[in-house]
Amino acid sequence: MNLTNCLVLAALVFACGVFGLLRSRHIINLLISIELMLNAVMINFIAFAHFRAADPTAGSVFVIFIIALTSAEMAVALAVVMALYRQRHPLDVERMKRLRG
Amino acid sequence: MAEHATTWAISNSWLTLALPLAAFLVNGLLLGRRAPRAAAAFAVLANLAAAVVAVLVARDYFAPAQPAPLLAWSCPWLELPHFAGGLTLSLGCWLDPLSVMMLVLITVISTLVHLYAAGYLRGDPGFGRFFALLPFFAFAMTGLVIAPDLIQLYIFWELVGLASYVLIGFWYTKPSAVEASKKAFVITRFADAFFLIGIALVATVLGTVQFAAVNAPAAGAALAQPVAFGGHSFSLLALAAVLLFAGGWGKSALFPLHVWLPDAMEGPTPVSSIIHSATMVVAGVFLTARLFPLFAAAGSALFLAETLGAFTALLAALMACVQTDIKRVLAYSTLSQLGFMMFALGVADPAAPAGYTAALFHVFTHAFFKCMLFLCAGLLIHAAHTHDLRGMGGLRRKLPLTHAATLVGCLALAGLWPLSGFFSKDAILAAAWTSGKPWIFAVGLATSVLTAFYMARLYLLAFAGASRAGGRDAHAHEDPLMALPVAVLAVPSAAAGWCAEKFFTHHLLPPGATAGHAAHAAWVPWVALGAALAGLLFAAFRYGRGFVPGAPRHPAVRVAYNRFYVDELWLVFAHWFMFTLVAAPAKWFDSVIIDGTLDTSAWLLQKCGALQRAWQNGHVQRYLAAMLAGLLALYLLGVLLP
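The listed protein sequences derive, respectively, from chains A and B. At the far end of the first sequence sits residue 101, using the numbering used here, and the numbering has no gaps. At the far end of the second sequence sits residue 1642, using the numbering used here, and the numbering has no gaps.
Simulated from the structure, these hints should not be mistaken for laboratory data. Treat each hint with caution, since some may be false.
Simulated DEER-style distance windows between Cβ atoms [as the list claims (entries may be wrong)]: (1) A:16 - B:1608: 24 to 32 Å; (2) A:16 - B:1638: 23 to 31 Å; (3) A:57 - B:1632: 30 to 38 Å; (4) A:54 - B:1632: 49 to 57 Å; (5) B:1628 - A:57: 29 to 37 Å; (6) A:57 - B:1610: 51 to 59 Å; (7) B:1615 - A:5: 56 to 64 Å; (8) A:16 - B:1633: 20 to 28 Å; (9) B:1633 - A:57: 18 to 26 Å.
If you want the ones that stay clear, here's a sample from chain B, every Cβ over 10 Å from chain A, calculated [stated by the list, open to error]: (10) 1087; (11) 1092; (12) 1216; (13) 1242; (14) 1476; (15) 1586; (16) 1605; (17) 1608; (18) 1625.
Note that CB positions come from ideal geometry on N, CA and C, so glycine has one too.
Whenever a hint applies, use it, and build me the whole structure from the sequences.
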C-alpha cells in the first residue's frame, strides 16, 4: 500500500467515470459516472493527505466537504430525474429536448 | 471672296440647333406625357421656327457673290493641351455652301414630316413620346451638318444613330421593329468604329480636327509622309481616308452594309420618310462631300465610293423591281439613289468637280421627292390598311391628292423632264461620262431604266386597275394634316430641278475648286430621258393591263426578291464570326474561368462551414469529449515540449 497504488486506483476510477459519462445516455448512468469521478478525486485527496501532508486533517476536511456537496447535488439531480420520470419523459439525455434553450 | 455682313440670322444660326433641342427637352420632360397634342404643336412650331431661321441664314449667307466659309459661333468645351500638340474641341456652327444647303433641307423637311406625323400617329399611345424623339432626330442631324470639326461631326453622327434606333423601334412591343432597330444600330455602329479610328488617326497625325485644316492640301501631304512600322514604311493617307469613309459606308447603307435600311421600314412611316430623305442616310454622302479634298488626295476612298456606289445602285434597283411591300420598294430605291450619289462623288476630282456638284444636287432633289413618296405611301397604307402593293389598286379616285403627288414623285425619281429628278440624275450621268469611266456611266444608265420601271410599277399597282383591297379601303380619305405636307412637297419635287441647277453649279463646289463650265456632252440628257422612258414603257406594258405579281417563281426573280441573300450571308458571317470566334471563347472564359473561380471558392467555404457545424452540434457529451481531448493535448504539449 503506497501512494502510487492509490493514485493508480484513483486514475482507474476516474477513467471509468469519464468512460461512463461519454458513452452512456441514460441520465442515471451519467449521475453515477459523475459520482465515480468525484470519488476518484476524493481518493486522491485522502492518499495525498495520508502519505504526504504534514497535517492529514486538511485533506480529510476537503473530502468531507465534497461528500456533503455531492449529497446535496445528488438530492437536487435525483429530484429532477424523478420529476421528469413522473411526467413520462424519456430519461435518455439525447431525447431531452424540452429544457433546451 | 466677299466679307459677310454679320446679320441677325447668321449670328443666331445656333437657333437651328437649339430649337429642336428645346422641343426634345420640353416634350420629353414636360408635355409628352401630359399634353401630347400640345407637344405635337410645340414640336411643329419649333421646327418651323428653325426652318425660318435656316432660310434666313441661307438668304444672308448667299448674299455675296462668292460666299466664304465662316464660323458663325463656337464655344470650346474641352482642351487637350497634351494631345498631339494641343487640341481644342468646341461646339460650333460652321457655315459654308454645303452646310447651309443641308441646313435648309433638313429643317424644311423635318417641319413637314412633323406636321404629317401629327396626323399619321393620331391616337397612338406613344404620340407624345414620338414628338419628343422626332425633334431629337432633327437636332442631331442639324448638329452634324453644321459641325466645324470631326469630333462634333462624330458626336452628332452617333446621336443620329441613336435617334434612328429609338425611332425605328418606336413601336417597341413589336418584335420585328425591335429587331430592325437593333440591326440598324449594330450595323451602323460597326462602321462607326472604323470612322472613330480614322478620326483618331487624323487627329494624332495632324494635331487638329478642324475641317478647314483637314481639307487643306498640307493635311494630305502630312498624312502622306511615310511612317516606319515594323521595318516597312508606308503612307497613312489611303488608310485614313478609307477609315473615315467607312463611317459613311455604314450610314449611307452601301453594299454590303445596306441590309439595315430596308428593315428600318418597321418604324412609323414619318420616320422612314425623314430617314430616307434628309437625315441619317444622307449623312454618309454628306461626310464624303465634307471630306472631299482629303479623299481626293488619297484616291482610295473615292475609288471605294465609286465602285460600291455603282454596285449598290444596280443591285438595289434589281431588288426594288420585284418587291411587293410599298415601303420596301421605296427603301430599295433609296439605296439605289444613294449609290448614285456616292458614285457621283467618286468620279469627281478637284479639277473637274461636276460629280461633286451633281451628287449634292441629287441629295437636294431626292430629299424632296423621296420624302413625299414616303408620305404618300403612309397615306396609301392608312387607306388600304396594308403595306402590300398586291392589296391596293384602284385608289386613284379615292385619294386624288396622293395620286397626283405619287405620280409627280414617281416620274421625278424616274428622271422625266422637267421634274426635279431629271436634272440631278442627268448631271450625275454626265459627270460619270465626262470623268472617263464609261462602265460607271453604263451602270448608271442601266439603273435609270430599272428605276423608271420599278417606280412606274409601284404607281400602277397602287393606283391603276380595280381595287384589290376587298373592302378594306371603304373609308379611304386624306387627312388634312397629312395631305398638307404632301401638297407642299409636291412643289419642290416638281420644280427644284430647273430652279436650283444654276445655284448648285455655281456655289456647291469642293473647297478650292472654281466654278468652271464643264464640258457637258449634249447627248447625255437625251440618253437619260430615253432610259427613263424605256423603263416607264416597259412597266406600262407589263403592269398597265391589270397584271398583279404573284409569289415569285422564276429563279432569278426569287433571288432578287430574297434580296440576293445578302442578309443570309451576313447571318452566316455573324454566326461564324460573332458566335464561333467571339462569343464561344467568351462563354468558355465566363463559364470555366469566372464561374469556376467563384464556384470553387463557394464550395471551399461550404466545406469549411460543414466542418465547423460538426463541432457545434448540441451534444453535451461530444463537447465533453472535445474538452477532454483538448485537456489531454495541452497536457501532452506541456510534458513533451519543454
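Now for the hints, and whether the structure bears them out:
Look at residue 16 of chain A against residue 1608 of chain B: about 37 Å separates their beta carbons, and that is not inside 24 to 32 Å. At roughly 25 Å, the beta-carbon separation of residue 16 of chain A and residue 1638 of chain B lies within the given 23 to 31 Å, and the hint holds. Checked against the given bound of 30 to 38 Å, the beta carbons of residue 57 of chain A and residue 1632 of chain B, roughly 34 Å apart, stay inside it. Between residue 54 of chain A and residue 1632 of chain B the Cβ separation comes to about 33 Å, which falls outside the hinted range of 49 to 57 Å.
For residue 1628 of chain B and residue 57 of chain A, the Cβ-Cβ distance of about 33 Å falls inside the hinted range of 29 to 37 Å, so the restraint holds. With their beta carbons about 56 Å apart, residue 57 of chain A and residue 1610 of chain B fall inside the hinted range of 51 to 59 Å. At about 39 Å, the beta-carbon gap between residue 1615 of chain B and residue 5 of chain A misses the expected band of 56 to 64 Å. Between residue 16 of chain A and residue 1633 of chain B the beta carbon distance is about 22 Å. The supplied range of 20 to 28 Å therefore holds.
Remark: the range hint 18 to 26 Å for residue 1633 of chain B to residue 57 of chain A is contradicted by a beta-carbon distance near 37 Å. Every C-beta of chain A lies more than 10 Å from that of residue 1087 of chain B, the closest at about 74 Å, which supports listing it as non-interface. Look at residue 1092 of chain B: its CB is around 78 Å from the nearest CB on chain A, clear of 10 Å, so calling it non-interface holds up. The Cβ of residue 1216 of chain B lies farther than 10 Å from every Cβ of chain A, with a closest approach of about 89 Å, so its non-interface assignment holds.
Every beta carbon of chain A lies more than 10 Å from that of residue 1242 of chain B, the smallest distance being close to 80 Å; the non-interface claim holds. Separation of residue 1476 of chain B from chain A is adequate, the least Cβ-Cβ distance of about 84 Å exceeding the 10 Å criterion. With 10 Å as the threshold on Cβ separation, the claim that residue 1586 of chain B sits away from chain A holds: the shortest Cβ distance comes to roughly 53 Å. The non-interface label for residue 1605 of chain B is consistent with chain A: the shortest C-beta to C-beta separation is roughly 28 Å, beyond 10 Å.
Under the 10 Å C-beta cut-off, the non-interface status given to residue 1608 of chain B relative to chain A holds; the minimum distance is some 26 Å. The claim that residue 1625 of chain B lies off the interface is violated: its Cβ sits roughly 5 Å from the closest Cβ of chain A, which falls inside the 10 Å cut-off.
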